[in-house]
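Visitor: Chain by chain, the residues run as shown.
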Amino acid sequence: MSFLRETSLVTKNAFLSEKDVLLRRAAQITAEIQQGERKGYKEVLDLSSGDLHSGGIKPITFVRQVLAACFYPALLQDDSLPLDVTQRANSLLKECAGGSVGSYTDSSGMAKIKHCVSQFISRRDGGVPSSPENIFLTSGSQQALMIMLKLLFQNEDSCQTGVLIPVPSYPFFNVAAVSQGVVMQPYRLCEELGWTLQVEELRRALREGKRTCNPMALYICNPGNPTGHVQSRESIEEVIEFAAEERLLLLVDEVYQNCIYGEGTEYYSYKKVLSEMDSTISSAVEMASFNSASKGFMGECGLRGGYMELVNFDPAVLDYIHKLFNTESCTVVAGQIALDLMADPPKPGDPSFLIFSEEVESIKKMIRKNSHRTQKVLDELPGISCQPLKGGFFVFPRLHFPQKAIKCAKDREMEPDMLYCLHLLEETGLHVRPGCEYGQKTDTYHIRLCLATREEIMEDVLQRLKTFHMLFLKEFS
Amino acid sequence: MSAVRKTTRQPSPDEELHELAETITHQLKQGLSVSRLFNKVLDVSSGDIHSAGVKPITFIRQVIAGCLYPSLLDGDDFPPDVQSRAQTLLSQCDGNSIGSYTDSSGLAYVRNNVAKFLSLRDGGIPSSPEHIFITCGSQRGLMSVMTILCQSEGRSAVLIPDPAPHTLTRILERVGLVPLPYRLQEQDGWSLERAELQRVIQTSRKHCCPRAIYISNPGNPTGHIQSRESIETVIRFAAEENLFLLVDEIYQNTLLVKDQEFVSYKRVLVEMGDPYHDRVQMTSFHSLSNGIMGECGLRAGYMELVNVDEALLLYTEVVLTGDINTPVSGQIALDVMVDPPRPGDASYDLYIQEVLSRMSTLRSNMSRAVNFMNDLSGFTCSSVQSGIYIYPHLSLPHTAHTQSAGLCYCRGLLEDQGVCVGLNECKNEDHTDSHTCFYLRITMSDVDTTHLSRDLSRVICQMRREGRAKNIQPHLCQIIHVIPVSNAGRRVLDASVHPRVNVAVVWSRARVLSVVSPFLARVGER
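These protein sequences, in sequence, are chains F and D. Take the first sequence: its letter number 468 is residue 468 in my numbering, and every next letter is one higher. Take the second sequence: its letter number 239 is residue 239 in my numbering, and every next letter is one higher.
Honestly, the hints are just simulated from the structure, not real lab data. All clues given are correct.
Cross-link-like lysine to aspartate or glutamate pairs, in silico, EDC-like; alpha carbons within 16 angstroms at most:
(1) Lys40/D - Glu95/F
(2) Lys404/F - Asp443/F
(3) Lys466/F - Asp379/F
(4) Lys376/F - Glu459/F
(5) Lys29/D - Asp106/F
(6) Lys272/F - Glu241/F
(7) Lys369/F - Asp460/F
(8) Lys323/F - Glu173/D
(9) Lys116/D - Asp339/D
(10) Lys364/F - Glu455/F
(11) Lys323/F - Asp106/F
(12) Lys29/D - Glu95/F
(13) Lys206/D - Glu153/D
(14) Lys427/D - Glu186/D
(15) Lys42/F - Glu456/F
(16) Lys58/F - Asp94/D
(17) Lys323/F - Glu15/D
(18) Lys441/F - Glu192/F
(19) Lys369/F - Glu456/F
(20) Lys150/F - Glu173/D
(21) Lys58/F - Glu455/F
(22) Lys323/F - Glu16/D
(23) Lys323/F - Glu22/D
(24) Lys365/F - Glu263/F
(25) Lys441/F - Glu201/F
(26) Lys40/D - Glu415/D
(27) Lys404/F - Glu475/F
(28) Lys365/F - Glu456/F
(29) Lys323/F - Glu19/D
(30) Lys376/F - Glu455/F
If you want a taste of the chain F side facing chain D, the calculated C-beta under 8 angstroms gives, among others:
(31) His53
(32) Gly56
(33) Arg64
(34) Gln65
(35) Ala68
(36) Tyr72
(37) Val101
(38) Val175
(39) Gly302
(40) Gly335
Keep in mind it's a predicted model, so treat the numbers as computed, not measured. Using N, Cα and C, we set each Cβ at its ideal position, and we do this for glycine too.
Please model the entire structure based on the sequences and the hints provided.
Guide: Here's what the structure looks like:
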């Protein structure tokens, strides 16, 4: 007997298909290499996900010392750990029931940590007030996004709720939207102008969306994943004005806010820009912004620490959200602690500061160098073009395929960029993701590579890509 | 106007109590208004044993610390088996860091170890890692499977026990499944009756489509353990009615009665042979939030799917990919849970001592508590075979309050004594003409026994308050003071008990409990 009579086809097919084929093949090739099969390369290089540590980067020492001490407080008794580590661990353990990270905490997160996060936000925004009451700690930003989507779905209209989603966009959000029963209404980012957001396009998408659903929210990812675009202040203001006009809830994914490297690029948080706009807007536009410990210099994806800050929400709705959190267990305590450390890192004068700032600086430098190097190499290759990279972890270059390649892909019933990725994997051991997974304009093709890896690995990656690309063009010319 | 609509939901009694507990905690922290007899709210309604002061198992925390900060593995901080376990686990993580993403179904290495553990537990019955999924706590696993069950046409429903785990109805609500309670028979040790299951399913078919039956074994909150015959009855029923089995086995390692055995649903199913063993579909759940480890804050559990086809396995993977990922620190703790130190390992002695001491204290606290509750007027309490809750039944004379008697009582307990318990209301047919009744759910995992007696004394005080309010003469009450097993000699009851309560002072030598019942106004001897 089977219980799958009607499964959601979109969920089942869309997400697993492309990723699965590449992932499986990458795992197979790794196994084959281990068994001594000869290939043209020694190992598979995986640049398919934004996972800093899997790219060989070491975790931040201070973060791991504090966490280890919180898990095993006996470590606090000898002198092996720096004073600021022991002080921080002690102050965190004091806030845990029974002095253990194994206890449940308040369902929306430990009060001390929410307070710390609110101060971090306020400092970041040059003093714009932030209240712990509006902050919720979650299992990575993913859970926070899911909860917001769930809330949007909670209405009794016969018309389905819709969310405006950028194309290209981070696939998890698409899957989450579908699984929560929310309709996605795509709006295209403008590749030719550096993947910027055009308000006319937002308007068009909204008009289109109103025909089939009730669009209630606008999802933004800034810095962009996979585009690497960082919005200018004017662009953010335009978007906020649009949201105000159309009464849309802003869902602003800012997880890469600590990763800005473009020459002369400045990062503005949506909250800061909002606070500096006219009071009719700054007090009216509803917004949820998301951040996490998985990206930036922390890279602690496996610890699951994220938060959302809600702005201008109706107190009754906030109350409901608190109640919703109360019906579930709190998020993992280790993740909450990671957030505390991200929001309140060692300061100049602290014993751990030197090592901490060296480690952070080295990660930032590495990503900056990788981005420059990648752009340079790609610029020199025919058939690939790349928009300027400003921030985030990824590069999303466009591939200009010869007709023969496109036809070959069609014959094999797959997208051309998927074909490219499969060949790339087979022939060079490079594992990247095809643009079709993120959404792209029809008849355009892309790949996504992660920049958060060691410089020598990046160099190896670029050389393999270069060699392969030339051969590919030759084969299909 | 808000873009996000407000929706109203009736809070459950537990939720109301928790809200009140939060309000009071907030007031205490701010030093606001009302003066109270207590300076901290004691929450004994949930299975969080660390918050009650139970210490974590050392080996688990050492391994996790070693994985978090591998420099610790180079020195002498940890015994060799901790070092090798941490190194093995790190080698399974991308980039040798627990900060990397893992597969959404969990680390393959841990899934393998779970499979081995299950096979060992079930007398060698094979278990495949592909059928095992690691989830962010057992609740998320349950929600994922339930989401899949909802996919069929019609209004899907699940048979659930009454009483059920206190979080279950909210989960069903979130997923959109109709609950169909089947009553457990308290007088028969909370047994499951086939006739009752039949009754429920027959009446339900008029208005919904039952898809599954949820079992809690060992029972939460009742603590009962099903016999093999009872399990077989349920399996046959599920087979005949085409129901998916959802089996919560989280308290399987917290057995309180000597020589009591736990047998898993999977084992019984497989040993039943034809025509059941390869037909009945089932998912069983386990997690870190159990009575021994109590690592609720680490958020990890696993589920094993049995007799499901490839499509369902794939779909489960898809659902989990879109759900909250299990933190790697929790996956590591799971690995230790299913593969703890063995005799001969460097950490074995300490590990086994910690586990045995925890179980022995739990057993002793539980039996004291059950006896104590039974001696309190109005209360009856069934004996508990497993788990960490006692589930006493309280019958009070009708009140004039508009609120339910149970909620009124528990709110009083919280406001006057600062103790937050769980509440289960009784059905209308259980009340009599003169009395209403309800059940309390109390976690009995306190290691600090002065707290235990203080808790229980608070319950007495509350009863006394109720009694005074209703002009009912208080009965003789006894407070049992439990002596820590390792200490000998006299112990004195803390004299913070209300002076009008009749107090018994217990004197004891190690491991001997004797009850003396003089009438004493106050005790202050040291």
